[in-house]
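S.K.: Read off the chains here:
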Amino acid sequence: DTGVSQDPRHKITKRGQNVTFRCDPISEHNRLYWYRQTLGQGPEFLTYFQNEAQLEKSRLLSDRFSAERPKGSFSTLEIQRTEQGDSAMYLCASSLVQGRGAEAFFGQGTRLTVV
Amino acid sequence: AQKITQTQPGMFVQEKEAVTLDCTYDTSDQSYGLFWYKQPSSGEMIFLIYQGSYDEQNATEGRYSLNFQKARKSANLVISASQLGDSAMYFCAMRSTNKLIFGTGTLLAVQP
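Chains as they are written, first to last, in my numbering: chain A, -19 to 95; chain B, 22 to 133.
A portion of the hints provided could be inaccurate.
Unchecked claim - Far from chain A, some chain B residues (derived; all Cβ distances over 12 Å):
1) M32
2) E36
3) G64
4) E65
5) Q132
What the hints assert, rightly or not - List of simulated lysine to any residue pairs, SDA-like, C-alpha gap at most 20 Å:
6) A:K(-9) <-> B:K37
7) B:K24 <-> A:R39
8) A:K(-9) <-> B:K94
9) B:K24 <-> A:K(-9)
10) A:K37 <-> B:K24
11) A:K(-9) <-> A:N31
12) B:K94 <-> B:S62
13) A:K37 <-> B:K91
14) B:K94 <-> B:K37
15) A:K37 <-> B:A22
16) B:K91 <-> B:S52
17) B:K37 <-> B:N97
18) B:K24 <-> A:E36
19) A:K37 <-> B:T118
20) A:K37 <-> B:N119
21) B:K24 <-> A:E24
Unchecked claim - Pulled a few chain B residues facing chain A out of the computed Cβ check, cut under 8 Å:
22) F33
23) V34
24) S63
25) F68
26) Y71
27) Y75
28) F112
29) N119
30) K120
31) L121
32) G124
33) T125
34) G126
By construction, these hints were calculated from the structure, which means they are not laboratory data. Cβ coordinates follow ideal geometry from the N, Cα and C atoms, glycine included.
Bound-form chain A, shown alone (with noise of 0.2 Å):
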């Protein structure tokens, strides 16, 4: 399978603990996303990096979220002190650089819960 995976698939945690989460994109694909998807809406942009660096955060990424994407091929997206809100399905895409084959294609996702 060369699409890209994203581990786990789904995650309960309690109420304030830290929770990480990891992408592995399609390996020649230089730019990763991260999504957030809650119920009913579309997938909101959280961050991309072009391949290690991390060139945009949407500020729906408070400081307890941090990602990486340490040598340019997968990422994780850290949540600390997880709050009920964070409960929502985290989408990692990854596409080449802008062009016409610039498509992002998506992992299943990992769908958290916080109770």
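Could you slot chain B onto chain A? The hints should help.
M.R.: For chain B alone, kept in the frame of chain A given last:
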């Protein structure tokens, strides 16, 4: 500000019939891209079709076509010959600088 509007929360269509899902957008950019994604209950966002703002012809991909009306700022998705497997959420999106802006989606239910 860039915005995508999908006014149909849900749609029904009979199997084998065609259906149009509406999408309007707002942008001040001269160059932009419009996308449609399908999200089945499994959660994965599946890319369907892309239309560039300078493309002169409407995009087509198999049973999917995009009815692009630039002056009206609309980019409706047409699915021909609906199949039961087409039942899913459908999202219209616009590329804004380096990210995608999504609408709220339309839930399509294909009835046998």
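S.K.: Against each hint, give a clear statement of whether it holds in the structure.
M.R.: Going down the list of hints, with the structure as the test:
Consistency note on B:M32: stated as away from chain A, and its beta-carbon is indeed over 12 Å from all of that chain's, at 16 Å minimum. The claim that B:E36 is not at the interface with chain A holds, since no C-beta of that chain comes within 12 Å of its own (minimum 26 Å). With 12 Å as the threshold on Cβ separation, the claim that B:G64 sits away from chain A is violated: the shortest Cβ distance comes to roughly 5 Å. Non-interface status of B:E65 relative to chain A is broken: a Cβ of that chain comes within 12 Å, the nearest being about 4 Å off.
Taking the minimum C-beta to C-beta distance to chain A, about 22 Å, the non-interface status of B:Q132 holds against the 12 Å cut. The straight-line distance between the Cα atoms of A:K(-9) and B:K37 is roughly 39 Å, outside the 20 Å bound, and the hint therefore fails. Restraint check: the Cα-Cα separation between B:K24 and A:R39 comes to about 17 Å, which is no more than 20 Å; the hinted pair holds. For the hint pairing A:K(-9) with B:K94, the CA-to-CA distance comes to about 40 Å; that exceeds 20 Å, so the pair is violated.
Between B:K24 and A:K(-9), the direct Cα distance comes to roughly 31 Å. Violation of the 20 Å bound is thereby established for this hinted pair. For the hint linking A:K37 to B:K24, the alpha-carbon distance of about 18 Å falls within 20 Å, and the restraint holds. For the hint pairing A:K(-9) with A:N31, the CA-to-CA distance comes to about 27 Å; that exceeds 20 Å, so the pair is violated. The suggested pairing of B:K94 with B:S62 is violated, with an alpha-carbon distance near 29 Å, which exceeds 20 Å.
The straight-line distance between the Cα atoms of A:K37 and B:K91 is roughly 30 Å, outside the 20 Å bound, and the hint therefore fails. The straight-line distance between the Cα atoms of B:K94 and B:K37 is roughly 29 Å, outside the 20 Å bound, and the hint therefore fails. This hinted pair checks out: A:K37 and B:A22 have alpha carbons roughly 17 Å apart, not beyond 20 Å. Under the criterion of a C-alpha separation no larger than 20 Å, the hint pairing B:K91 with B:S52 is consistent with the structure, at around 11 Å.
About 19 Å separates the Cα atoms of B:K37 and B:N97, which keeps this hinted pair within 20 Å; it holds. Restraint check for B:K24 and A:E36: the C-alpha separation of about 19 Å stays at or below 20 Å, so the hint holds. Between A:K37 and B:T118 the CA atoms are separated by roughly 13 Å; this keeps the pair inside 20 Å, and the hint holds. This hinted pair checks out: A:K37 and B:N119 have alpha carbons roughly 11 Å apart, not beyond 20 Å.
Between B:K24 and A:E24 the CA atoms are separated by roughly 12 Å; this keeps the pair inside 20 Å, and the hint holds. Hint on B:F33 is violated. Least Cβ distance to chain A is approximately 19 Å, over the 8 Å limit. Below 8 Å, beta-carbon pairs count as interface contacts, and B:V34 has none with chain A, the closest being about 21 Å; its hint is therefore violated. Against a cut-off of 8 Å between C-beta atoms, the interface hint on B:S63 holds, since the closest Cβ of chain A lies about 6 Å away.
The restraint placing B:F68 at the interface with chain A holds, with a minimum CB-CB distance near 5 Å, inside the 8 Å limit. The beta carbon of B:Y71 comes within 6 Å of a beta carbon in chain A, closer than 8 Å, and the hint placing it at the interface holds. Violation of the interface hint for B:Y75 is found here, the shortest Cβ-Cβ separation to chain A being roughly 11 Å, above the 8 Å cut-off. Nearest Cβ of chain A to the Cβ of B:F112: about 5 Å, under the 8 Å cut. The hint holds.
Nearest Cβ of chain A to the Cβ of B:N119: about 6 Å, under the 8 Å cut. The hint holds. For B:K120, the interface hint holds, since its Cβ comes within 8 Å of a Cβ in chain A; the closest pair sits about 4 Å apart. With a least beta-carbon distance of about 6 Å to chain A, the hint placing B:L121 at the interface is held under the 8 Å criterion. The beta carbon of B:G124 comes within 5 Å of a beta carbon in chain A, closer than 8 Å, and the hint placing it at the interface holds.
Below 8 Å, beta-carbon pairs count as interface contacts, and B:T125 has one with chain A at about 5 Å; its hint therefore holds. Proximity of B:G126 to chain A holds as hinted, the smallest CB-CB distance being about 6 Å (cut-off 8 Å).
Going through the hint list in order, the structure does not satisfy hints 3, 4, 6, 8, 9, 11, 12, 13, 14, 22, 23, 27.
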